[in-house]
Each structure stands twice: as structure tokens, then as C-alpha cells.
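**Student:** As they're listed, the protein sequences go chains A and B. Quick note: the first sequence uses our numbering, first residue 110, plus one each step. Quick note: the second sequence uses our numbering, first residue 335, plus one each step.
Be careful, since some hints might not be right.
In silico EDC-like cross-links for lysine to aspartate or glutamate, where the CA-CA straight-line distance does not exceed 16 Å [unchecked claim]:
(1) A:K170 <-> B:E414
(2) B:K937 <-> B:E887
(3) A:K187 <-> A:E174
(4) A:K187 <-> B:E368
Which stretches of chain A does chain B cover? Using the computed rule of at least three CB atoms under 8 Å from a CB of chain B, they are [to be verified]:
(5) 128 to 137
(6) 164 to 172
(7) 199 to 210
These are calculated hints, taken from the structure and not from any lab test. For clarity, every value in this text was computed on a predicted model and none was experimentally measured. For glycine and all other residues, C-beta sits at the position ideal for the given N, C-alpha and C.
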Amino acid sequence: MPPSPDLDLIRGTLDLLILKTLSWGPMHGLAVLRWVEQVTGQRLQITEGALYPALHRMEQKGWLEAEWSYTDRNREAKFYKLTAAGRKQLATELSKWSRYTEAVNLVITAQGVR
Amino acid sequence: MTPRERGQPRLFRLPVSRRRLRTDIDRELRFHIEGRIEELVAAGRLRADAEREVFERFGDLLTVRDECEEIDAMTHRRREFNEWRSALARDVRHALRGLIQRPGFSAVVITTLALGIGATTAIYTLLDAIVLRPLPYPNADRLVFIEHPVPGVETYTRWRMSVAGYFFFRKNSQALSNIAAYTRSEATLVSADGAERTRAAVVSDNFLGVMGIRPMLGRDFTAADTRPNASPVVMLGYDYWRQRFDADPRIVGKSINLGSTSHQVIGITPAGLHLPDYQVQVWRALELDPDAPAVNSHYLDAVARLAPGVTVAAAQAEAARLTSRLPEVFPGAYSKSFMSDSRFGVLVSPLRDIVIGGMSRTLWILLGAVSLVLLIACANVANLFLVRAESRRREIAIRSALGADRGHLAGHYLTESALLSLIGGALGVLLAYAAVRFLLVLNPPSVPRLAELSLGWRPVAVALAISLGTGVVLGLLPLTRLALGRGHIATLREGGRGQTASRGQRSARAALIVAQTALAVILLAAAGLMLRSFQRLRSVHPGLDASGLLTFEVALPWTRYGNRGGGPEGYLAAFRYYRELTSRLAAIPGVTAVSMTRSLPIKDGDMCALVFVETRGHGQTAPCLGVVIAAPGYFETMGIPVRGRTPTWADMEERTGGVVVSKAFADDMWPGEDALGKRLRPNGFAEPWYHVVGVTGDVLSHGLDQPPSKVVYYPLVPIAGAPLWSPPTRATIALRTRLDNPLALAPTARQVVTALDREVPVANVQTMETVVATSTARTTLAMFLLGIAGGMALILSAVGIYGVISYTVNQRRAEIGVRMALGAQARQVGRMVIGQSLRVAAAGIAIGLVGAVATTRVMQSLLFGVTPTDPVTLAGVTFVLVVIGVLASYAPARRATTVDPVEVLRRE
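Starting from the given sequences, assemble the full structure and let the hints guide the process.
**Tutor:** Below you can see the structure in the form of C-alpha cells.
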């Protein structure tokens, strides 16, 4: 299957990462960042300049819901939580991503047929 | 904050300002940065190093903040809009449920408003289309019409332009960029299908240019086309071209037979181009010879375009200067004595005023009338809402006690009333549309520009604005209770039992009824005055017997009948035609008399021509008086009494010079003398003379509301040396019949005409009674519409009075019960209720009569034979409203007398 043109790698990946991370439970922005860094062993770094606008935009789209709450150390922070629409979006993004990687894999592992 | 399920919308949300959005973002970002720094410090870094590293990694903090803020602001706006929308939807749902729960109330309110708004919109549509919209020409507000008032000879008509005057103005005027001349005419199109009358415009070469229009196909007229003996050319009107020539563009360049002469089609005019208020089918070139000697004959309509920046007043001043130079330029045609005796002047007026004429005033008066109806309707609905508000006191009290804020309540009631009035408004627009369609079907001849009529956006916008405004005002009525707000607790404590209306509420309702009655009096007075005028007008005897008369027009081909070349021969062709035609028509069974005239009374009026009377001597100015050319048998056919005798066919053929004059003419020329045998002439003081052989009764040729015409009835063939007018190729034939419906003769008459000459078309077949009715059409229309408005006012007022009295009786049940327990008789109670109604009505009538006397003065020009303060009308109106006051309170009074004191007292 040919890759759809709407597969904007950076943005698409970022949204996917955030959605997937939040699927484990409500988190604040910093926690999202730390989670991604830990899981990937620092190989994947998200910049704050991209993260926060993305979070706010996803809140606008209704995928996330934000609420002020307290951290374990009793500090006030803005927690983001996945909504039903967000869950659905995560499924879509996941399937898109796997189709994309499959397609890319097919190309780069293909044998010459000359 | 209430706990809520996931996915359920928030019910309450604290208002969020833009500032608050920014603070939240700052807090969020500060938390992030501090968390990062602590992380690094915990890992053993110096705090200063940690800070630097974190800020470096973060990048441009301000940009991120702004970006987030923008996103949040948008999120916020969307959320607010959604909440507003769902609140509105909820209010509308509630309101609809409320309206359906009270079908009676809703139906009355909607119907009342629909009637009021419908009537107003209908009249405003007419006003908009006829008066307010510009004429259908580019920059139509720059077009003016030029005519000559001649108060010295004619009081009620103005002269048009002469050929010499036209060229003089066209050459010398600076204020007018261009002047075109035209006349309305008719032409006969002869084809294989037979002869057909068409409406023709005969125009100067620059007419289209002055109007700002170009031919759609082919070419425009040129100066060469208007020269005498130019080869005949014609342009076809768009609609006629489509309907008669199947929109075939190849017709341009071909020839068609118009009036038995071959005309070359040179072009097609674009759709929508017509003469002012005259739907044109074919356009012909006007024969204009700039070198012809000046003649004092005024038959050209002149329309001009003002030069850029010139006002109508400036053009008028220049035209007056030019007119005063006429005697020195054309001394033969415009002598100094003619100018001073006739008081020959000039009048430049906007073309629109000429087209609309008196209709503008009629429509404004009607708009005033229907606005009053709308006011009465609103007063009624306001009353209903007041009563409703009273019964809602408890509801409002409970809602307020439960914490509903004023804004919320206002929204609730506004939605309800806005919904009602918008439904009413929508129905009203539909009503107006139907009314306008109906008017188009009636096609009253007194209304100009009907062909252009359509329901425009402006009336719809006005109707919408009226309904919304009404809705807002009515919706706020219940809230006046809230604003006055004397203790919801007190209301609740009453337990909704003692629901007596407050004094303020009662007097507000009484004031509304008084106002309503006063408005109804004004409207009824206006309607009554129109009715009286109409009666007076219809009882006027026109001077002829209109019943049992069929009339139709014929047009003879000019080439065969219109030749006035030397001697009587030119006239004899037409003479013989009419003699043959009338004798053949007279042979139709059921026909008792037939004749012909060039100008039918009431419809055509009569042309004016100078009259020289032998006994008045040489020096006196000849007045311009009515000229009718009629065939023998005319007076007998029309039912006009004659003293003396009338010329016969033989007299006319032998040119014995006998004429008949009207009584008004005779009384004016020879007061106290016998007119028979007196001598007169139409052209100059010389031999030979016509002599009077008969005097006829007076005929109101110019309409029933005009004084009788002074007329000379000339024979078909003039005597030698006096042929001032061309042979009557266009004429009206009149048939008197014993049949109940004269129109039944029409097909036979048409066959007879066609059999005699197949190039002669028959047009405008109608009975004389229709002609008379048409002449009073404007009065009839105004009476009809004002009558509808008055009737609506009456019904609405009756409903209003009934509603209030009925409500009061219900409120006063306890009091009435006590009275009856104390020995009051049923009759006394009934009288008390009716008396209350009459007091309110009397106050309304008194104010209304003053208002009527003050306002009906504007109707003066519409009235005939009555003064605006006609006592009979005012007394009649008073009587009608008193009767209404009694009738409207009769049922409530009956109900009051049936109050059972025991039951009432027990309930208390």
C-alpha cells in the first residue's frame, strides 16, 4: 500500500507518542517527556517547544482533557488525560504507523529483480 | 463543582478571561522548568548550571507560551459558542413545548401578529416597488420630464412639447445633457395570421441613448431614420420578439408589415426596456423635421437627462429662461399675446414623479393605516402577555427563589416571545406574498409600475425586524414584574391564591385598550371617508347611460385611410369605412344602436383644440376646449340627451357644417342665449363657419370626479378650409344592446370587423360599465384596502376589549359574589360590567375622534364630495365602536351575573 501523503512524520509521530504515553494514565507535560526519554533510553528526545503546543492542540481537538491536580510531592500541575475520542485517535494513529513502517520496510528490504 | 461522568458536558463553568488563560500556561511551564532544574540538581549539578541548561534546551519560552495561548483562546471560544448554542437550543425546545402546551394563547398571538405584519408587509411591498425603487433605467434619478403648464387655457392638464420647442431645447440647453422625445402609440402588425394591435413607442433617434440603453441586437435609430420620407424602420421589444418571432435573431434586417407599410427590423431592444409605465412591443422612429416651420402643436413627451452636477431646480430655471425666448425665436407660433393669455410656462420634474403620480400619497396613507393595524395587533398581544405575566408571577417567583438569575429568565422569556413573533412574522410574509399575488391578478389600472412588482428583500427584512422587535418588547413584559420585584416571598406566601392584578398592571391594560380603540377610530374614520367618497363618486351621473354598452377600439391602416391630401377625399375613405361598419354592426341581432367616436368619454377624455366663436369677436383669445369627432347616432347610442338635431351621414358627406355642442360649452360661450344657430371655427377667425344644430347634455369625459367637459362635437368630414386634424384612423366603436351581457356580442362584432377589412384589428373590448368602474379604480382600491384595515382594527379591538373585560370579571368574582350576597341584582351586576367596558371605549373614542380629525386631513386628495371632518362618518364610527364595546362585554357580563355568592364566599 502506498504511504498516504498526510503522514507527516514529525507531527504524526509526536501525536502518536503523546497519545500512547497518556494511555498509561493521566500525566503532566514533564512526566510525558520523562517517560519517552526513559522508555527510549534517551534515544528519542522531544523538545518542550513542540510538546506543549501539541498538548494544547490535542486538548482543543478533544483528544485530551486537562485538569489541575497535585503531584506526589504535593505540587500543583496540569494533568492531561486521554478522552474517548483520544483513545480512538490513538488506535487510528497506531494502525497508520504500522502500515507506514511496513511499507517503508518493504521498500528497504526489497531484492533487486533486474 | 459537581462530580460528573465522563463524556457528559460541563453544566457550570467559571468564566475564563484571556488573562486567566495566560496565567495557567505560565504556571504549567514554570512547573515544567522547575521540575527539570530540580532533576539536574538532584543529579549533582550546580543550580546555576542546571538553570542555564534547562532554559537552553527549552528554546524560546515566549514563542511557546504565545502559541499555547493562541490555541487555548480558540479552544475557549469554541467551547463558549457550543455552550451558547446548546443553551439556545434548550430555550427554543422549552419555548416550543410551552407554546404547544398553550395552543389557544399561541394561536391567537401568532394569528394577530401575522395579520398585522402581513398587512404592513404587503403595503410596504407596494410602496417599495412603486415609489421607493428607482425606475428601471440606469441612473434613473437623473431623468427628468418636461411639460408646459398653460393655466390660461387648461386647468387640469399640461401641454407636452412641440417639435420646434423640442429642437430649440435640444440645441440650447446646457443643464440637460440630452433630450429625447417620444409618444405612446399603437401599431397594427399584419401577418399571415391576420391583424394584431401592438403597443408601440414612437421615439426620437436619441431616446435609447438618453435612457442609457443600447440595442441588444442590431443598431439604434439614427437621425436619418427620423427625417420625413425616411424608409420605415422598427425595433422589436424583447418580450414581443420572443413571443411573436420565437426569439429569432435573423429577423433583424428582414421586413415586417406594420400598419400596411413595410418596415425593416433594425434591432431588438434589451429585456425590460419600456416607455415609462407603458409596456412597449415595437419601437418606431418619430418623424422629426428640424427645418419644418414652427407650429404651436404640443404632442411630444420629452424626457431628458440632467447634465452632471445639475439639479432639477437649475434645469427648471434654465428651461424657464429658454421658454421666455420662444416668442422672439418663433414669433409666428408663439405670439406675445398667446404667451401672456395662456400663461404658457414650463415645468421640469423628475421622471419618477410623473410616472408615480398620486399613487405615492395613496400608498403612504395606506402604509400609515396598516401601521396602525399593526400597532393595534401589538397592543392586543401585549395585553395577552400582560395577563400571562400576571399568571406567571408564581412561576417567576419560584424560579428566582431557586436561584435562576435575571439574565437566564430574560433569555427564557425572550426566546418564547421571539419564537412566537417570528412564526407570526413568517406567516405574515406569506400572507403579504399572497396579497401581492392577488393584487397582480386583479391588475388594477390605477396602479403604476405593476409590471415591475415583485417581493423584494427590503419588505422581508422590514417584516423580520418588526417581528424581532415585537418579540423582544413582549418578552420583556413579564420581567417588569421581576424588575419591580416586590418580594418573591410575598408572592409565594400568597400561595397563588389571591391573584389580583396590581394597580399598575390594571391601568397598563386599560391604557392599551384605550389606545387600541383610539387607533381603531382613526382607521375606521379613514375607511368610512373612503366609503363615502366611493358612494358619492358612484352616484355621480356620468351624463351617459353606461349600461348595455359594448365598446372596442379599431385602428385603420394609415396608408389607406389616413391620407389628408387636398380636399375631403382623404377623410371620405375613413368616413365610408365607418358608415359601412356601423351599418353592418347594427344588423347584428340584439344591437339597437351603433356609433363611433375618436375619444371615448371617461377613458380617453377629449382632445383640446382652440375654439373661435363668431359672437365673441376678433380680439379675444380662443380657449382650448374639448373636441370630439363622432359619427351619426353617437348620442343615441351613448344615451346622451340632445336638444335640436344631430348631423346625419348625408349631412356629413355633403359637409353642411352642422356641429353639436355640450350644454356646458353653450352656457360658457353664450350665457343666457340660445346656442342653436351660433357659429364657431377651430382655426382662425374667418369664413367658412360651422353652425350649431344641437345642444347635448353634459358628459363627465375626464372622469367622475372632474367637472363636465365643454365640448364641440365635429363631423367626420370637415368643411373646406378647416381640416385641423387628421382623419380618425383610431376610433372606439360603441354598440348598444338589449342583451344582459354586452360582452356576448364581442365575437360576432370581431367577425364583422375582420370581414370588412382584414387589416383592421379589434382591441380593448370592454363594456362601458367597466370603463366607468376603471375610472374610479384608485378610489375603489383605496377604499377596499382601507376597509380591510378598518375591519381588522375593529375585530382586533373587539377581541382586546373582550379579553380585558372577561379577565376583570374573573378577577372580581369574589367582589361580585359579595355584592350579590348583599343584595345586588343580576341586572345591576351586568350593567356594571358593561359600563366598565363602555367607559374604556368612550375614552378611546374621544381620543380617537381628535386623532381622526387631525390625521384624516392628509387624505384630502383621495376624497370626493366629503370633507375629512364629515360628521356623518365620525358619528357612524362612534356608533359602531359603542356597539362593539357593548357586544364585547356582553358575554363577560352574562358570566358575572351567574356568579353564585355562596360558592364564592365558601371558597374565600
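**Student:** With reference to the structure, classify each hint as holding or not holding.
**Tutor:** Going down the list of hints, with the structure as the test:
no., hint, result
1, A:K170 <-> B:E414, "holds, 15 Å"
2, B:K937 <-> B:E887, "holds, 12 Å"
3, A:K187 <-> A:E174, "holds, 10 Å"
4, A:K187 <-> B:E368, "holds, 14 Å"
5, 128 to 137, "violated (count 1)"
6, 164 to 172, "holds (count 4)"
7, 199 to 210, "violated (count 0)"
Hints 5 and 7 from the earlier list are contradicted by this structure; the remaining hints agree with it.
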